[in-house]
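Trainee: Given next are the chains, with one letter for each unit.
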Amino acid sequence: MILYIVRRVIMLFPILLLISIVSFIVIELPPGDWVSNYITNLRNSGIELQEEEAARLTAMYGFDQPSYVRYAKWMQGIVTKGDFGWSFQWGKPVNDILRERLPFTILISFSALILSWLIAIPVGIYSATHPYSITDYIATILAFVWVATPGFLLAFVAAWLVFHYTGFSPLGLNSTDFLDAPWNTAKLIDRIKHLILPIVIIGLSGTGATIRVMRANLLDELKKQYVTTARSKGVPELTILFKYPVRIAFNPLFSTIGWLLPAIISGEVIISVVLSIPTMGPTLLRATLAQDMYLVGSIVLILSSLTVLGTLISDIYLAWADPRIRFEGTGK
Amino acid sequence: MSDRHDTLVEVENLQVHFHLQEGIVRAVEDVSFAVKLGQTLGVIGESGSGKSVSAQAIMGILPMPPAQLKNGRITMYLPNNGMGMRSVVLTDLPTRGGEFRAIRGKEIGMIFQEPMTSFSPVHTIGNQIMESVLLHIPNITKKEARERAVEILGRVGISRPERRVDDYPHQFSGGMRQRAMIAMALACNPKLVIADEPTTALDVTIEAQILELLKDLQEEFGMAIMYISHDLAVVGGVADEIIVMYLGLVMEHASAEQLFENPRHPYTQALLRSIPTIDGTLERLATIQGAMPSPFTEHMGCPFFTRCDQRVPGACDVRRPPIVEVEPGHKVRCVLYE
Ligand SMILES: Nc1ncnc2c1ncn2[C@@H]1O[C@H](COP(=O)(O)OP(=O)(O)OP(=O)(O)O)[C@@H](O)[C@H]1O
Ligand SMILES: [Mg+2]
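Chains A and B supply the protein sequences, listed in that same order.
Mapping of the first sequence onto the numbering used here: residues 1 to 332, in sequence order.
Mapping of the second sequence onto the numbering used here: residues 1001 to 1338, in sequence order.
It should be emphasised that the hints constitute simulated quantities derived from the structure, not laboratory data.
On a predicted model such as this, the values are computed, not experimentally measured, just so you know.
For each residue, glycine too, the CB sits at the ideal point set by N, CA and C.
Check each hint, because a few of them may be wrong.
Output of the computed footprint for chain A on chain B, the stretches with three or more beta carbons under 8 Å from beta carbons of chain A [said to hold, decoys possible]:
(1) 1101-1107
(2) 1129-1140
For lysine-lysine, the following DSSO-like pairs were computed, each having C-alpha atoms within a straight-line distance of at most 27 Å [unchecked claim]:
(3) 1070(B) - 224(A)
(4) 92(A) - 81(A)
(5) 1215(B) - 1036(B)
(6) 1143(B) - 243(A)
(7) 243(A) - 1142(B)
(8) 224(A) - 243(A)
(9) 1036(B) - 1070(B)
(10) 1070(B) - 223(A)
(11) 92(A) - 73(A)
(12) 223(A) - 243(A)
Build the full structure now, drawing on both the sequences and the hints.
Mentor: And the structure:
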């Protein structure tokens, strides 16, 4: 098991290197760059710009050098100083922007994920153990409607309903009264009140699919011979359910953590835009439109690294949960 | 009614139907038999004759729905704390209730056909054997249960059981898994072991070993065995009594000797003709003519009518013959013996 983890972690490095290169290519790909755009914009707005002045600007931002040099510098900054570069659009270090948004995005995403599992897993288990019952039909229909409802629509409607019935505007991170106020209990409570809606909406938007997955997996497992074997030993039904099939039905769920993490973190772009909360999603969107290269590159890099990391986590979990994987390749 | 003193389990007029979208499968129509203490009952019949369904009914593990217990009574006779016997009507107990669960695994153990899928892939063999010991033997510690698992694994012929007990099923070969399955069924010293085609998935040499093992274990522990197979030769080697089933009906019921020496039912006779003999391997084996009818058909008369070489039109196909005793301990369901 230890060997397996070590092997997987070593394999991580070349993958991360590859990801960083691809991220950089992605940001270099669109024609033009931020500085040349900036210069064109200045000229268009009638400002006289000498050639030397333009060249100075280009050199200042490092665009006079070939891209592999810029890549090396960027990587050097990240690896040695944890410095992700400069955001042209915001006029401050990428690190500052990440520091403001990343923890908070992760908080929302994780809470949403947990909320979605808290609802989906019990409902899925109930549906699978009472297949074709009235409750199962209701859960199934709701889940389908849920899967088909776009999250942003839900966000619109929910935000409007909350505002209409309570007079509380759930948009943004804080009510306007608190925007510039120093941190205190009242502001914290206000912040929490603003976070509930995004968490619920983002969480619910994944719930329908998770219910379907859980129900299908568990139905498959319940039909297996080993369940009958356990029953023939006189094991109580609930023990059978949780000791064997539920545990195995979890595996496909956990094995999706890898792509779930970045999907949740960036995927709620539209919901975040609708609810105007500054998570990573909208930031990435705006940065891409503005050709804010290092910010885009950093976010892409972080999201991809999260995918790789998430995959590692779920692989380790699966190896722990399933001996057939654990023993594979290690002999006996 | 058989003699109560040596009867362990009695099945009377069992009828189980499956209600499916395509129609009703009359898996078991009218099945009666008794398993006697310490003896082996062989159950034989072609695929789809209702052998497994009868076994599932005794175990209380019929998949309901779609299965429906339409009729019949299954009674088990157990010692009453050393004072005489008590009878438990299994068909009256809720199958998932505590009383039935106390019998499943404790008084009746079951060996299934597919050793490959009968174990949970994510728990060790030891864990799965201990589970039943811990459930059924009061006040036993985990350590003692583990010792019991090691002991029984050794007894069924697993070498170095103290190490193999921590193995996962995928580390066992098919034959070893079936041995482990037998160990699991025997872990609590049941009075009856139901073996549902335990060797079908294994190759012939291993099949012989498993049969030998079951006989040895029976001598040692004295449990009764209900041995299900579609191979009359295999059953003949292990059984004291044999029932021959066809499409949910018991066609013939006799001691092994009677059945081999004096088979009465045309179906049994046909089955016997299809067994290869050692000196007669060159002769062409007789196979039973015709195919099994669809499981959804309802039969007015004898279900074997369509394939029978001694059929009496006008008699066999209009009314189902009753099962009658033609000599002591030998019963047949056929118009020829009414
Ligand atoms: N879970 C089920 N759902 C629907 N039909 C079933 C089910 N189990 C058994 N049957 C039907 O009941 C009939 C008897 O099946 P059973 O499994 O008892 O046959 P068997 O004698 O054990 O045959 P085999 O030698 O193939 O194991 C068959 O027609 C089968 O299709
Ligand atoms: Mg069967």
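Trainee: Give a verdict on every hint.
Mentor: Going down the list of hints, with the structure as the test:
no.	hint	in the structure
1	1101-1107	holds (count 6)
2	1129-1140	holds (count 4)
3	1070(B) - 224(A)	holds, 26 Å
4	92(A) - 81(A)	holds, 16 Å
5	1215(B) - 1036(B)	holds, 16 Å
6	1143(B) - 243(A)	holds, 20 Å
7	243(A) - 1142(B)	holds, 17 Å
8	224(A) - 243(A)	holds, 14 Å
9	1036(B) - 1070(B)	holds, 25 Å
10	1070(B) - 223(A)	holds, 23 Å
11	92(A) - 73(A)	holds, 18 Å
12	223(A) - 243(A)	holds, 15 Å
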